[in-house]
Every structure is written in C-alpha cells, then in structure tokens.
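There are 2 protein chains.
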Amino acid sequence: MDNDSLTTGGFTLPGEAGYEALTLQLAKKWGADVIRDSDGTQLSDDIIQSPYDIYSTVCLVRSHNAWARLNPRCLQQCCIMSRPVIADGSSLTIEPLSGYFDQQFRINLDDDPKEWWQVFDRTTQKEIPVEHWSCDLETGAVTIQNTLPWHRYTVNFFAYRIWEEISMYNHVTNNWGDQEHLMPIDPIFPDARAQILNYLDHWLDTHPLTKVVRLTAMFYNFWWLWGDPKQQRFIVNDWGSYEFTVSPESIRQFEKKHGYRPVSEQFVNAGLYNNSYKAPSPFYLQWIDFINAFVTDFGKQCIDRIHAAGKKAFLFYNDHWIGVEPTGKRFSQMGFDGIIDGIFNGFEARKVAECPAVTTREIRMHPYLFPTGVNGAPSFLPGGNPTAECKAYWMDIRRALLRKPVDRIGFGGYLHLVENHPDFIDYIELLAKEFRKLRNTVRAEAPWSTGIKVGILTAWGHLRAWACRGHFNRGNPYNEVMESLSGMPVETVFLSFDDILSQGIPADIDVIINAGRAGDAWSGGHHWDNPEIVVAISEFIAKGKAFLGIGEPSALEHRDQRFQLAHLLGVDRDTGLTEAFDRPLFKAEDHFINAGISMVDRPATPMDRLFLTSSGARVLQTDGKNPQVVINEPHKGRTAYFADFRYNPIDTRLLHRTLHWLTRNEGKVDHLCPSNPHTDCAFFQKQKQLIVVNNTGSSQKTSVIITDSSRLDFELEPYGIMIHPVE
Amino acid sequence: MDNDSLTTGGFTLPGEAGYEALTLQLAKKWGADVIRDSDGTQLSDDIIQSPYDIYSTVCLVRSHNAWARLNPRCLQQCCIMSRPVIADGSSLTIEPLSGYFDQQFRINLDDDPKEWWQVFDRTTQKEIPVEHWSCDLETGAVTIQNTLPWHRYTVNFFAYRIWEEISMYNHVTNNWGDQEHLMPIDPIFPDARAQILNYLDHWLDTHPLTKVVRLTAMFYNFWWLWGDPKQQRFIVNDWGSYEFTVSPESIRQFEKKHGYRPVSEQFVNAGLYNNSYKAPSPFYLQWIDFINAFVTDFGKQCIDRIHAAGKKAFLFYNDHWIGVEPTGKRFSQMGFDGIIDGIFNGFEARKVAECPAVTTREIRMHPYLFPTGVNGAPSFLPGGNPTAECKAYWMDIRRALLRKPVDRIGFGGYLHLVENHPDFIDYIELLAKEFRKLRNTVRAEAPWSTGIKVGILTAWGHLRAWACRGHFNRGNPYNEVMESLSGMPVETVFLSFDDILSQGIPADIDVIINAGRAGDAWSGGHHWDNPEIVVAISEFIAKGKAFLGIGEPSALEHRDQRFQLAHLLGVDRDTGLTEAFDRPLFKAEDHFINAGISMVDRPATPMDRLFLTSSGARVLQTDGKNPQVVINEPHKGRTAYFADFRYNPIDTRLLHRTLHWLTRNEGKVDHLCPSNPHTDCAFFQKQKQLIVVNNTGSSQKTSVIITDSSRLDFELEPYGIMIHPVE
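Sequence lines, in order, name chains X and B.
Going by the working numbering, 67 is the number at position 67 of the first sequence; the sequence numbering is gapless.
Going by the working numbering, 70 is the number at position 70 of the second sequence; the sequence numbering is gapless.
Keep in mind that the hints were calculated from the coordinates and are not lab data.
It should be emphasised that the depicted structure is a prediction, and the values quoted were computed from it without experimental measurement.
Please note: incorrect hints may appear among the correct ones.
Same chains, same names: a pair is fine if it fits in one copy or spans any two.
Stated by the list, open to error - Straight-line C-alpha distance at most 20 Å; calculated SDA-like pairs for lysine to any residue:
1. 625 <-> 603
2. 686 <-> 4
3. 126 <-> 536
4. 636 <-> 89
5. 126 <-> 533
6. 230 <-> 99
7. 28 <-> 4
8. 668 <-> 597
9. 636 <-> 87
10. 668 <-> 508
11. 587 <-> 228
12. 126 <-> 532
13. 230 <-> 615
The shape of chain X in the complex, shown without the other chains (with noise of 0.2 Å):
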C-alpha cells in the first residue's frame, strides 16, 4: 500500500517527451509518485531515470504490424449484420460493408462464406437457405436469388478489423495523419500467442526501469462499430459486450468444448447483437464464461512473465478488458496487482473501489488531457474550461470515496496542453492533498453505515456491479440511481435472477431494487416471464422485506399486468391497450418519505400511463393526472414506486428517507444525515472524525445530528470538505 503523506504520493502524472521540465515540475507541484505514458506520448530518458516510479503502458494485441501483415488471418473479427437492403426484384445483391467504415473492417472471405455467414429476410425473419444466396469471393457481395419484393434482406457477415479501435480513436480525435493504422492480433491462435509473448519479453527488456506494467488491457476490446463517415460515424459503442471476441475460430473452439456450434445469429440477434441493455441470453453467458475462461489462462501467462521481470501488473479497466471480469470467479487467479480505470463519476469509482483480489485501485480522473472530451466538445482547446469540468467530475467522485476507498488518482494525455491552464495547475495540486485526507481516513476505517443492505437486482448481477454499457447515461433510470447510492451511507449487492432462482434471495438484503425500462437487462426483459422470480420477491416482501422499483420495474409485454409486480407496487402502466379502463382515483399526499422535500422541484419527467392497481396504494406526486411516486403495504412488506429518478440532492434525499420507511427505520432517518441535501458527511468512529463535503460550487451551511443531544454545524466554501473531531 502507497504511504499515507498528505503531500506527496498515490498520484499518477502523465509524463511527455519533449516536456521534461513540465513533467518534472507538475510532479512535484502535484505530488506524484509516478510518471506514466500515454497512448501518443512517450518518456524521455530524463523523465525515466528521474526519481519517480515508472508506469509503462502496453497493448499486447496492437504492436505487431508486420508480423500481421505476413499472418493475416490472425487479425481479429467480429460478426456483423449488414445494414438491410429492400429487394425491388426477384433478385438482390448486398455489399456487407455498405455502410460501415472501410477502414475498421476487411470482410473474411477466407472462412467459407457458405459455412459460417447467414442471410436472412427480416421481414419474415426467417433465414434464406445457403442455395438461395452466394458470396462474390472476391468482394464478399452476397447476391440471394428468389427475393421477395419489398422485403428487407440482411447478411450476417465475418470481419476481420484492421484498424484497432483505440488507436483508430486517438489517431482521428488527435490528427495522427499518415501514422501507420494498428492492427489488433487474435490470441485465440497459438501463433498469435507465441507473437505476443514474444513481444512482452521483449518489451520487459527494453523496459527496465519501468515499475509497473499498465495493461490496456489485456486482448479483446470493448464493443465498437465505425460507420461510414459520410453517413454515420459511430454505429455502436458499448464498454461491455463480448462481441469483438467473436471470429470463426473462437467459435470453432467454443464448438470444441461445448459440443455444439453457435450460429452467427446468435451474435447478431436481428441487429440487437449482445448488446449491454439486452438481457443476456444463456447461450452468451456461456459464450463470456468461455471467453473469460481462454482470457484468464493465456493473461495469467503474461502476467507472470511481467512478474518474473519483478515488475507489477496493473489492468486498465477499459479499452481491452474484454474476456478480464474483475468482479467474476476466475479474477484472481490472474495476478493483478492493481486496477485503473478512467472515470466520471461516483459508480465508477465504486466499481474500481470494490475491485477483489488487487492491492492497488487507482482512478485516472478527467478531463483527459487531450484537445477534446470523448464527446467530442473542447477541453484543452478554446472554449474549454478543464478546472470547472473537473471539479464537477470530483464532487461526484468524492461523494463516493467518502464511502470506499481508492489508492491512487491520476491523470492521462499530453502534459504540455495543460500549460495554458494555470488554473487548473493549481487546483489539481488541491484535489490531490484532498484526495489524500480523504483516502487515509477511509482506508483506515470504513465508515458508519445505516445498516441497511441493498440489492440492487438486474440481468447482469455481479457480473456488472457498479457498471452499465460504458459511463454514466443520464436520464437512464438504472445509472440515475445507482449514481445516487455510490455515495449513501447503505451496504449495497448486485444480484441477478439467476442468483435468485439457484439460491434464493440473500437473508440480510432489506430492500430489492430494481430500475430500468421495459425488457432491458436492468429491468430485467425475459426473466420478468419466469413465475419463480415473481414468487420469490413476492415471498420476501410478504415476509416483511421491501422492493424499490424505478422506470418500468419487472416489465414485460401486457398479460393482465404490465408490471408483473404491479399488484404488489400498487402501480401499473397501460401500453395503449387499456385505455378503455377506469383508474382507482387519488390524491397526493405527503408522507414522511416526502416530508420536507418540495416535490415540484424534483427534475424528472413524468412518466405517462401509469396509474393504481389498488386503491390502498398512496400516492406522493402526480404529474396532475399519472401517479408518479406510489407506495404501498402489501402483506407485512413496503414497496415504492418513481415513474422517474436522477441522480440530484432532492432525489437522493428522498432515497435515503424511502430507504428508511421500507426497512421500518424512519425513528433513524436524521442520524448522520446532514440537514442540507447538497452536503454530504461520512463519521469514523475509531478515528473519532466527521467528514462533510459541500457537492456545490456555492458555499453552503449544514448541520449533522451526531446523537440526540450532539448537533454539529458547518458552514462548507464551494466543493470544499472538513475533517472535524467528535468525541
């Protein structure tokens, strides 16, 4: 563990050639104990041989050119649905990559098309027999015989990727210009494995001063589709599909261990993929478990060659993660020293926080130090304000590391575009020390906790705590309220219906939580069909245990219910179908749940077509004619209900003070809590320390109930924290 000074240490900066003054100047105004590369930069020899420990980072599957270029079949793939084609005629010919960028993607023609590829007719659904269609091998255009007219056709295709997605994004936001396009190399191959050791070995050589080896990561980058730039730049993006795993030789080997051969529908899903929002399917999670399985072994052989160089391994949790699964059951097994990942927000920095089996957990904060953010909009370059976006971004962060605690923050990027920004100079040297203050305490302790155990239930369990597709997506109601818990004085789990269906619902989970939208994977899409699921929650809540639903919680199709929990919410939405029927009428009410809280105030969107099931369902907001905020009693347990959720000092208000009515804890509900909603406190009791932070850029009074007879009062300047003695 990194020591506990509050000046210098557990700080990652981004050193630059050709700047060694800067670099070497920032280090020690920031208090770094390391200097890593980027992605575009490199280290001078000065910066190496200065008195920092040495980040390196490398990317095992994109440094092999040449070698590529004489092994092409060893590039990776992905499976791709071509964008459909309407026939006009009895016949129709496809050129699969019309519409995506020709410089992601080649298509395989050297995996028989007839054997591996599928065409279909979407608007039957129904597959085109292998007769009926052929393959140009040449161009890879499918030419499919006895179209109907007015149909749309599609071609689930393979391709190889010539351009590795990382680099390619650097390259383009960056102008590399005529820089070589990396290519990224299959490990599924056992050529392409011995390449890449052999890489590594060289690499340790030549590396010796390095301390620790910052993979990004290890081999099978997050989801990524290019599209024509001149229609569509991106086509899809997202952190956590598997589907750039996906070649005919990784399917091959599936094949081999499972006993049966996966179609490429099953990656393609009619154009759904196996994408994140989709719950996933059982035959991909056994394809990730494979995946997972073929990752740990060969990164574990890597690992330890680093490891023999008496060099640590530290994953980036991003970029190549794929296959890695940190919160999975083969993790630790890797050899991981330390994680990294870069972030925004308070879930993510739960999710590097909660990282098992790894010494180090470090963030890398934001903005990245390049001309403009990844959405695009200027950071560095005019117009761009970094010390504002930044301290946005810690108030969230904090808010969470109040709860867990990380090891290290860092930056990334090109140092020197920081030199016209003193003002951001000087407020990452404050960040830092507050960081450190914060770090300290609660690596030394966890904080006061109400007790009260969360499990927040979705398709994914587990397997994505504290994640979704990639960072927060505003507006989305799971992200809204998972950003919202991050940093609540709660014990959270993530579960996922198979949990529940092999082993029940855990005894000392108080409330489920569940929030999303109909037949996503954080609702819960299929499993909503699975009478065992409804029985269990139902069960629990009977038994006195509570449910909190957000968005369109257990939503399927129309049965007699929309909501399949809906005669237990007390709240149901009609899907157009229902108009016909009168609502059990209401009034809003106030409650302890809303008690002091200007509901008006709150910025959701109300939700329309929603309305009572039961008229001993009570209603505490209304958008005037739908319930949007609905609680209930069914058998001895307490449900509640938001249409809608954002992250924001009023909704986050009401959580905790809903929290406390659905465990019967509404007596304790001001303990602890700071009375002003924009600060936030977290109490030790060993060290004998009250932390408050003010989330606000204005300075804001509060006061923190300690016991009955101990109030504190504070007053907070903008984003600033106090660390203050109770006895």
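Following the hints, complete the assembly by docking chain B onto the known chain X.
Below, chain B without anything else, positioned relative to chain X:
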C-alpha cells in the same frame, strides 16, 4: 327530407310535462318541428297534441321488470374476470363480485359454473383444472385447491345484469332515489323476444300521436362495468365492445352456428377483454358478425311493426346500439328511417353524416340538459356555463358539417333546466338558424375538395369509421388526427388490414394514414406481424403513393426494428434495448410542409427515444434530441411521420400542407385554403357560394384565394360564419 326553411324545422326539442308553457315557448323560439321525450321526462297531452311532430324514445329491453322477475334466467349477462387474489397458502377462496358494483350484477349460478367458468393462475397464465376448484352454489364463491403461494388467481364467471346501465347512470346522476331499478332482458331467448314484441305492440297502440319511434336503441348496451362505489365507481366503459352480448345462451347459439364453443377466456383475454383498443381477433370478429346477424333479424321484426303502425323508426347510435353496426353489411336490411347520435365534435358528426341507408340524420347537441355532464362537472348547475360549452362543441361540429351534412339537430334532457340560462336560450335560437343555412347549402351540393384521398388504416377499418372507444379521447393520436380530418377538404375512407389482405389497397387512395400507439387497434397491433401487410404498403409507396405515420405507427415489439415501416419512414423508436447504438445526426430544417408555421407553438408532447434510421430522412422538428416530425422519400413515394398530433389550428394546417406534399400537390396548397388557420371555408360551385367560418371566440381576419387572380378578404365575428357569393 325536411324542408329548407331557415327559421323552423330540422330541430328536435326535449319537451317536459309540467313545463308545457316553456316547452311550447322554446319550440317556437328555437324553430323546432319536433318534440321528444327523454329518459326521466314525459310528454303531457298538451304537448303531444300540439302541432309539433312527436318523437318518442323507447328502450325495448328495459321495461319488463314484472316479467323479468318471473323469468330471471332471461336477464342479460356478461362474463367478468374477478379481481386477482394473491394466494398465501395452499388454498384460496375468491368472491367473484368483490370490487364490482353489487347492484349491477348477480352471479349466474344457474348455468353450471363447472361447465362455463374458468379459473386461472395469472402468474403462470395457466388455467386451473376444473377438478382443483369448487364453487359454492349459494354464494358463487370459488375455492381453489393446491394454490401456489404468492401466485395471483382469477375467476372468469358469468353474471346477470340486474340494473340496466343507462337508467342506472341516469338514476345515480339525477338522484332518482328509490325508483325501481330497471332490468335488461335478453332477446336471445324466444320468450324474451315474444315479451318485447308484445310490449312494442302495446307501446305502439298507446302512442298514437308519436310520429317517430326513437329506439335507444336495440337490445345490447355498450360495455360498462361499475365498481364497488367505496373503492372505484367505474371499472371500464367502451362504446364499441360486445361484452354485454355474452351469456351461456348466446354462446350455445354461436356454437350451433359455427360448430365450436368459445370459452370464457376468449371474452376475458386476461383482463383486456375485447375492448376497442385491442385489435380484434378473428374469433371476436366472428362473434360480432354472429350478434349482428341476430340483432339485424330480430331488429327488423321490431321495425317492421313500427312501420306497420305508420310510424318511422330512428336509431339512437348509442346506448343499446351494439349489434346494429350502421357501417356493417346488414344495416340496410333493418329498415331504419333515421339515425341520431349525441355528439361533441367533428368526427362524431361525420359518423352520423355518413350513416348509409337512412333518410334522416340527426345530431343531438351537448350539453345534455342535465345538472352535470358525463364527466361529472356542472353543466346547468351553478358553476356551469352551458352557452360556452355549447359554442365550443359547435365550433368543432360545424367544421365537419361544412364537408358532409346532417339533416337535423336537437337536444335532450330536462328542458326546465335552461330556464335560468337566458343566454343559452338566445344562443340556441342563433345556432339553429346557422345550422339550417349550413345544412341547406351542404345538402344541395358537395363542397369543393382537394381531391386528395386518404385511407385511414386501423385494425377496425370501416366497421369503426369515424369512431373510436367512445367520445373524443384527447391526447390519443388516432382520435386527434381523425378530428382534424373531419373538417378538411379531403376524401376519406377507412381501411382494415383484412381489407388490404383480401382486396389490396384501393387504387384511388393517395395517402395511407396510420396513427396510434404501439400494439393498439388503431396502430394495428398484431397485424404488423404479417409480412403481406408490410409488402403491400411498401409496394404502394414504392409506386409513388404516400404514407403518414403518427405516434407509434406500424409498431410491434422490437425485431430488427420497432416500427415495421421504419425503413420507409426513416424513423424508429428505441424500446430501451438499443441505447448502445449511435444514430444518424440531423438538424431540423425548414421545408414546404412547415413553411409559415411556427413549429415551437405546436402543443405536442415530445416523444422520447426516437431516432433516424436513414441519413436521407429529413427532420422538420426536434425536441432538442429526438426527431419529432420526419419526412422521407423511399423509392418513388413519400412518407411523413409525426411523433404527436393534436387537433388544433397549427397541426391541422400542418396536416393540410403535409397531405399536399405527400401527394405532390404542393402548387395547389393555397387554393381555397383560408390564410388564417383559425378559419375554415367551403366552396360550392353550383351555388356560387363560399362559406367561411371563424372557429374561435375572437374576431378573425382571413382571406381565401379562389383563382390565381381572385382573393377574397373577410373579417369574421367571434364564432362567426359568412356566406359569400362567388361569381
């Protein structure tokens, strides 16, 4: 046909015994030619013997209480799903009527529950074998054995209806106290038919001065379940549903005719029943046809007797109209002389105006002369403003009557209620004169039309032309666009999906409109699962025709797209499963369609999660993130999409321009189209007349282009109408 006087005729006044002087005074002032009775009022001899024609209301099924008490099995019935009950042990007892209004229903224990009822586990959607439940033949309570804890159970049961719903509503609304509850008898039984014919014969004998028998209407009321008033007064109300025709006896007769016996679940459909928003199943269409054949047959017997008595028979197109189907194939066989409906708006006026096979079409205006309106708000009670109410309805109705005429207007209810509203008395005199002018002109000659022919595509088609579930359901996109169309100079036809399958799309249709919400009968529901439909419409568009989608047109659950015509519309809607996907970028642009229209003033509700499917589609409005109005030109055709549409001057004008663009009639868009969208006009070539109306309560200036060189300017009073000669 009524005469063409501008001061008298074409007006039906509700008379009221005890208010003879008022009746005759208002009959004169309002130019009535007819006096009628209403439910709850009688006409005294002084009125009946006045020089006015007499319309007398008669409801054939509800004045037989003495007979019904002797023949209790001849009461009408329906099939009901009990409220779901959650099991908490291994057996469960359900009281079927719990939650329903016990004064409306008596459980039918005469037809063996074991033969007719069904019990379901709604958690698994499986039927409980009949040997696992028993029914207490005293109380109707059903006890289910071997229940699974926390599953939800329901009972489908049959109930006699012991209070005829319209008189129940009038009784409750007007506090008729201990007045006897009228019971509806079911002519499915021969004895009941004999009783009805006897009653009718006697009625005809005792109403010698009645000229028109106003049948309200035939035998079966629209579907209207009431709840336990302590919990929920109304359960469901559906003007179009046949659920009140269902009984063991009608099922037995259906079985005789069709060779199979429908089960209760075919009427209950897991609580959706066969409501008008549910796309009708083939079975339900067969049931409608079966009831229609029966009602036509027995209805004709009744009407023949009315004719034999020298009277005319008018149909009240409401209340017990079920089974009559004025737009159906058998209506002309029945022999009705006239049709009357109580209406509020334009599309309802068109429904009456386009009724075939009758010589008199009459609309009953609102407010009904009752203390309160159908929504419970005061009408003639203090706090109501019946004049303003009436003007508002008339503005919408008048637009429609400019396109298709009706012959008469009228009122209903308690005439004495108008005594305290002298402004209402004066306004109705004016309105009646205005109606007569309009009627004479439109009756003489169809007004000029753009010639654009619109096919409105729903699962109901012509069977529910200009109709929906009841009155205008504001906010429902199908209702809203139908209302706009009702007053526009276009030709309209209502198409069903079955029409397209059996006959193709009629060659003279220029534009298909599909408006509704995902899965509902207006959007089409399961019909979009049929590739033949997609193909037929694709071909229609490809050959140069057009399609306008509103709301969630062609929506099904997601396959490779959510809107099954997304590839033609250029726009689709995410279901929550495709958030990982990027979409083509767009900017809202100005276009012929929205030229001169302030899109931001549209009172539309933005729809979320919409995206372009083609970078070729053009966006005319966005909510900042989601395209809201999109046009596309697939193949040789044109399409347009509106996320929301409301009946208002802006959207109606937008629709007018859209239809001209879709049909390549851009150059004709201003011809005979008033410059001010708050006004409408109709041109009558032979009569050389232009009628211009002001749809608002403030004065309006407008001008109308008649020819390239001729423009007329108008200044209209509030609610005004001008008839201008055109040479």
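Here's how the hints hold up against the structure:
Taking CA atoms no more than 20 Å apart as the test, residue 625 paired with residue 603 passes in both settings, with 17 Å inside one copy and 17 Å between copies. In this assembly of identical chains, the alpha carbons of residue 686 and residue 4 lie at most 20 Å apart only when taken from the same copy (17 Å versus 98 Å across copies). Taking the shortest Cα distances, residue 126 and residue 536 sit within 20 Å of each other only across copies (19 Å), while inside one copy they are farther apart (37 Å). In this assembly of identical chains, residue 636 and residue 89 lie within 20 Å of each other by CA distance solely across copies; the values are 15 Å between and 64 Å within a copy.
For a Cα distance limit of 20 Å, the shortest separation of residue 126 from residue 533 across copies, 16 Å, qualifies, whereas the shortest one inside one copy, 32 Å, does not. For the homomeric pair residue 230 and residue 99, the shortest alpha-carbon distance inside one copy (9 Å) is at most 20 Å, but the shortest distance between copies (61 Å) is not. Taking the closest pair of Cα atoms, residue 28 and residue 4 come within 20 Å of each other only inside a single copy of the chain (17 Å); across copies the shortest separation is 100 Å, beyond that limit. In the homo-oligomer, the alpha carbons of residue 668 and residue 597 lie at most 20 Å apart inside one protomer (17 Å), although the nearest pairing across protomers, at 57 Å, exceeds that limit.
With identical chains, the CA atoms of residue 636 and residue 87 are at most 20 Å apart between copies only, with a shortest distance of 14 Å across copies and 59 Å within one. In the homo-oligomer, the alpha carbons of residue 668 and residue 508 lie at most 20 Å apart inside one protomer (19 Å), although the nearest pairing across protomers, at 73 Å, exceeds that limit. Taking the closest pair of Cα atoms, residue 587 and residue 228 come within 20 Å of each other only across two copies (19 Å); inside a single copy the shortest separation is 53 Å, beyond that limit. Taking the shortest alpha-carbon separations for residue 126 and residue 532, only the inter-copy value of 14 Å comes in at or below 20 Å, while the best intra-copy value is 32 Å.
Taking the shortest alpha-carbon separations for residue 230 and residue 615, only the inter-copy value of 10 Å comes in at or below 20 Å, while the best intra-copy value is 56 Å.
This entry satisfies every hint, going by the numbered hints stated previously.
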